[in-house]
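A.B. asks: Chains as they are written, first to last, in the numbering used here: chain A, 1 to 237; chain B, 1 to 237.
It cannot be assumed that every hint is accurate.
The list cannot tell twin chains apart, which means a pair is met if one copy fits it or any two copies do.
What the hints assert, rightly or not - The calculated DMTMM-like cross-link candidates involving lysine to aspartate or glutamate, where the alpha carbons are at most 20 Å apart (straight line), are:
no.: 1; residue 1: K212; residue 2: E234
no.: 2; residue 1: K190; residue 2: E136
no.: 3; residue 1: K2; residue 2: D105
no.: 4; residue 1: K108; residue 2: D194
no.: 5; residue 1: K139; residue 2: E125
no.: 6; residue 1: K193; residue 2: D31
no.: 7; residue 1: K186; residue 2: E225
no.: 8; residue 1: K159; residue 2: E236
Rather than coming from a laboratory, the hints here were simulated on the basis of the structure.
Number of protein chains: 2
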Amino acid sequence: MKYELYYWPSSQGRGEFVRLALEEAGADYIDIARRSAAGREAVARMLAARRSATPPFAPPILKAGNVVVSHAANILQFLGPRLRLAPKAEAGRLWVHGLQLTMTDFVKEVHDTHHPIATSRYYEEQKKEAKLYTREFLKIRAPKYLGYFEDVLRRNGGKHLAGRSLTYVDLSLFQIVTGMRYAFPKTMKKLEKDIPLSVKLRDAVAARPNIKAYLASPRRIDFNENGIFRNYPELEK
Amino acid sequence: MKYELYYWPSSQGRGEFVRLALEEAGADYIDIARRSAAGREAVARMLAARRSATPPFAPPILKAGNVVVSHAANILQFLGPRLRLAPKAEAGRLWVHGLQLTMTDFVKEVHDTHHPIATSRYYEEQKKEAKLYTREFLKIRAPKYLGYFEDVLRRNGGKHLAGRSLTYVDLSLFQIVTGMRYAFPKTMKKLEKDIPLSVKLRDAVAARPNIKAYLASPRRIDFNENGIFRNYPELEK
């Protein structure tokens with residue numbers, strides 16, 4: 001199966017959770033918008049999708065033959081069994097999907113550290129509110145979510161979030177810990193002491209051959225201030 | 001199958017999307033926290049879940065035999081085929097789940113109209129920011145989301161969001177339009193002119209025998225200022 005990923009070309013964003021799964025599995029995929037200018041137009045066309053009865057609201061969108069799936073977590077639950085990155089039984093699949101949806105909620109809160117008032121406005125226009133939001137986020141929300149994933153890891157034996165082998169939520173936790181380090185290095189230095197298993201899992205994922213090759217390749221977009229995880233040092237003060 | 005719903009007893013909240021599906025289908029279920037004081041403790045116990053390998057992050061949580069599912073959208077995709085409220089084919093199920101996830105995103109933005117800075121603080125402590133957030137929300141985000149669902153309805157023939165019969169996302173759109181009316185009556189009076197099909201669907205859902213009986217029963221919690229849809233007139237000014 002040849003997969004087509006439709007996502008913005010200028011940041012990791014929510015598409016990165018899908019890219020990591022495709023890369024780990026060595027799947028045959030095209031990152032449509034990053035191929036060419038024509039590819040970028042194809043993403044816009046997919047969103048306009050005037051003839052489609054099932055128009056997606058926003059990227060990321062995955063095309064697999066005639067199937068079109070949107071929302072990163074939905075794409076991952078679709079890909080999971082196909083890429084051998086999800087448990088086989090229904091209860092297990094529902095559990096990892098629930099974990100991914102909790103990560104989705106966390107990622108939205110990370111996004112809101114720089115855009116608490118309006119997505120349609122620049123960060124510079126909501127800097128004061130961003131500082132207020134980020135203070136609460138780093139004090140209460142980040143420890144709560146990261147502590148939760150650490151707890152799930154511990155209850156499951158310490159190596160994986162679910163079952164006895166790698167699933168897509170392990171890859172997503174890698175992305176979250178790595179992104180949090182980029183965005184909030186000072187805070188993470190402290191928080192990481194309380195999440196040793198998550199840090200170990202992060203390192204183990206980074207060392208997997210396919211992920212290691214991907215991270216070193218031009219296919220991995222660098223973290224930057226167009227993405228979800230942004231490094232604005234003034235927010236961490 | 002007897003279902004157990006674990007959710008807070010004092011507001012409709014995110015649990016309401018699950019209740020509507022269970023009620024429409026005439027399913028055998030217990031709303032654990034609303035049964036008794038012991039039930040409310042059971043929800044807290046479920047969250048603590050010290051012995052569980054798969055502890056949920058937050059309610060709503062559904063128990064069905066040995067299966068435990070959390071996140072409203074995840075619960076609905078689990079219940080959908082069982083209650084005959086979802087398409088049969090995989091592509092159709094992924095499509096309605098994607099729609100429900102877009103509704104989840106919208107509902108989070110509705111929540112943030114009264115809590116833009118911190119969930120851990122009172123509305124009264126973030127009123128100024130709530131006004132700024134709500135202004136953008138009502139001007140840009142609400143029309144964008146509601147217009148999207150209207151567009152999906154139109155492309156699908158006007159009566160249902162997906163396929164030729166009722167699915168759980170139709171029930172969820174009922175809840176969204178009804179909730180928006182409660183929270184932002186002045187704005188909705190204007191916006192509803194642009195979403196006639198959604199309003200018609202809302203009315204059709206409200207008139208379905210099981211939903212009509214549910215809405216008239218004490219099982220339906222009234223909208224209130226503990227919930228997601230809150231009526232704070234100062235925000236609409």
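A.B. asks: Please sort K193 with D31 into within, between, both or neither, judging by C-alpha distance up to 20 Å.
C.D. replies: neither (36 Å within a copy, 40 Å between copies)
A.B. asks: At most 20 Å between CA atoms: does that hold for K186 and E225 within a copy, between copies, both, or neither?
C.D. replies: Answer is within: at 18 Å inside a copy they meet the 20 Å cutoff, but 37 Å across does not.
A.B. asks: When no copy is specified for K108 and D194, does a C-alpha distance of 20 Å or less occur within a copy, between copies, both, or neither?
C.D. replies: Intra 23 Å, inter 29 Å, cutoff 20 Å: neither.
A.B. asks: When no copy is named, should K212 and E234 be tagged within, between, both, or neither for a Cα gap of at most 20 Å?
C.D. replies: Classified as neither: same-chain Cα gap 32 Å, cross-chain 53 Å, threshold 20 Å.
A.B. asks: Can you tell me if K2 and D105 fall within 20 Å by alpha carbon in one copy, between copies, both or neither?
C.D. replies: neither (30 Å within a copy, 29 Å between copies)
A.B. asks: Up to 20 Å between alpha-carbons, please classify K139 paired with E125: within, between, both or neither.
C.D. replies: between (23 Å within a copy, 17 Å between copies)
A.B. asks: Within a copy, between copies, both or neither: which one fits K190 and E136 at a CA-CA cutoff of 20 Å?
C.D. replies: Result: close within a single copy only, 16 Å intra versus 36 Å inter.
A.B. asks: If the cutoff is 20 Å on CA atoms, where do K159 and E236 land: within, between, both or neither? Let me know, please.
C.D. replies: Neither, since 31 Å and 49 Å both go past 20 Å.
Violation of the numbered hints given earlier is confined to hints 1, 3, 4, 6, 8; the remaining hints are satisfied by the structure.
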